[in-house]
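Protein chains: 2
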Amino acid sequence: MIPTLKDVQSAVKRIGPLVHNTPVLTSSTIDRMMNATVFFKCENFQRMGAFKIRGATNAILQLSKDERARGVITHSSGNFAAALALAASSLNTKAYIVMPSNAPAVKREAVAGYGAQIIECAPTLKSRESTTLKHQNKLGATFVHPSNDLNVILGNSTAVWELAKKAENLDVVIAPVGGGGLLAGTALATNYLHYYIETIGAEPFGADDAYLSLKTGKIQPSINPKTIADGLKTQLGDKNFPIIQKFVSKIIRVEESEIIEAMKFIWERMKIVIEPSSAVAVAAMFRNKTDFKNRRVGVIISGGNVDLSNLPF
Amino acid sequence: MIPTLKDVQSAVKRIGPLVHNTPVLTSSTIDRMMNATVFFKCENFQRMGAFKIRGATNAILQLSKDERARGVITHSSGNFAAALALAASSLNTKAYIVMPSNAPAVKREAVAGYGAQIIECAPTLKSRESTTLKHQNKLGATFVHPSNDLNVILGNSTAVWELAKKAENLDVVIAPVGGGGLLAGTALATNYLHYYIETIGAEPFGADDAYLSLKTGKIQPSINPKTIADGLKTQLGDKNFPIIQKFVSKIIRVEESEIIEAMKFIWERMKIVIEPSSAVAVAAMFRNKTDFKNRRVGVIISGGNVDLSNLPF
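Line by line, the protein sequences give chains A and B.
First residue of the first sequence: 2, per this note's numbering; consecutive thereafter.
First residue of the second sequence: 2, per this note's numbering; consecutive thereafter.
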């Protein structure tokens, strides 16, 4: 079932007080390069540095009092782990995060710093899932999927909603696609605005399962993805795929070198720190300029969490 | 002669249409750390990536028609070279930039890209000055000093003026000091606001000529300065020193390690790219927390031009 306009509006109201209405930036250099008017929705300035706090917050706020008391659980070694931990902490809810034993220390510390309890598992998908299920049952905690959850998708939809309020009459919006939670949320919200906005996805060639899923009409697994955009290695799910199928016009794929170049370009010219996943959306725009020519373009900068001691340039 | 309130207001009006009214950002993490409310005036988002376009624009706009026709000249291998080149280009004026033969290619290209003519000199102060004088006389171009020029200082004063309009009731403002043009402009403008704002300078220990100048009451030369903040290696001049003496309450000095840490902290937490000179102001605030406790603090982030392939972390 695809959420309604009212669901989107409710999510906007529900999470508004708990997340940042992040700035929208522009660049005359990029406008000239693109022959377009481009608006960057800067979720790198969001709490914990990525849009993921939106979905996490919305998911927790939809729980009953009893469910909230028992807490939430997810498995993630990335931004969603920190997002659920922070959202839970802001809402006085307990969060349990299942993380692989080889997760970087800095990510573990971030999650622990927000007061979440880390549950270690072996670094395999199977161990992640079985460990999560075991603790979920034991604790009575509610599982929140990082991307394949309608409340998470609705939370994510609020970013482009805010963007459209600041940058009126957008023609097209581009967002990166990994697990599909951001792209589905973006496409959903744009669909309900009072004028038509095209939604385009952006994906690395090295992890193009969403592209293939749209092409074949069936969710394709993400097998051995190879990309610097580590947030985009996951695959679509049964909740977000129908939304993406219905409302996303196409997915533009980009090379690794294009991702790194776009990332460097944005850092150098716009002076903002964006993570590789965000650079995928920028790179897609740079690659397919004709899709955007003379249009008002929204770009969802999904986050800015990078390891400064390990940059690709 | 110290410029008046009217001079500041005129500069604000004069250059307003030609420069960005840059965003003011905040960080709840930093507010908590500081026990203060901190407003960052983000001149890293300014045209050509630094506040220097303000002074350059104001200086050119104050020239007569004849002077404009003959062009402007300066010697600089840093941000002011690019600033004068871009300001001149925007105002259909010719700019001549004297640059040492060992200036980095990337800086030469930026200046040339804005359409300025580069005049090469030997990499010594003597050659810079004599080459400039020679061409100044030959071309009839007006020399614009990067920091020791009242019109440049007045142009620079507009940054904090904008900040004070967005962040009301500031108690104190901190700005880095190198040649003194930004600090003098900042102190001048804050002095003319309708309520008292303290102005503090920030300087590396390795280039603390401004600190020593204030202490001794006499401009001290910058001898063999050693700091990563290459924008702060120059010394004060007879135009800006009296303003700094009159309106700046003190200068906080910081270690190189503090500059690098502050720079990394701002990149990681605020997701903005700031250059080492800007990090000096942040580091000074972090170092002397008691000076800022329970106050509304403005920080002038002077610029964001860094070489991403040569970062200190």
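Think of the hints as simulated: they come from the structure by calculation, not from any bench.
Keep in mind the model is a prediction, meaning the values are calculated, not measured.
Misleading hints may appear alongside valid ones.
Stated by the list, open to error - Keeping only pairs whose Cα atoms sit at most 27 Å apart, straight-line, the calculated BS3-like set for lysine-lysine is:
#1 B:265 / A:108
#2 B:167 / A:166
#3 B:167 / A:265
#4 B:265 / A:167
#5 A:108 / A:216
#6 B:166 / A:265
Verification of the supplied hints:
1. B:265 / A:108: Given pair residue 265 (chain B), residue 108 (chain A) holds - Cα atoms ~17 Å apart, limit 27 Å.
2. B:167 / A:166: Roughly 21 Å between the alpha carbons, so the hint for residue 167 (chain B) and residue 166 (chain A) holds.
3. B:167 / A:265: Violated: residue 167 (chain B) and residue 265 (chain A) sit about 31 Å apart, past 27 Å.
4. B:265 / A:167: 31 Å, violated
5. A:108 / A:216: 35 Å, violated
6. B:166 / A:265: Violated, because 33 Å separates the two Cα atoms, which is more than 27 Å.
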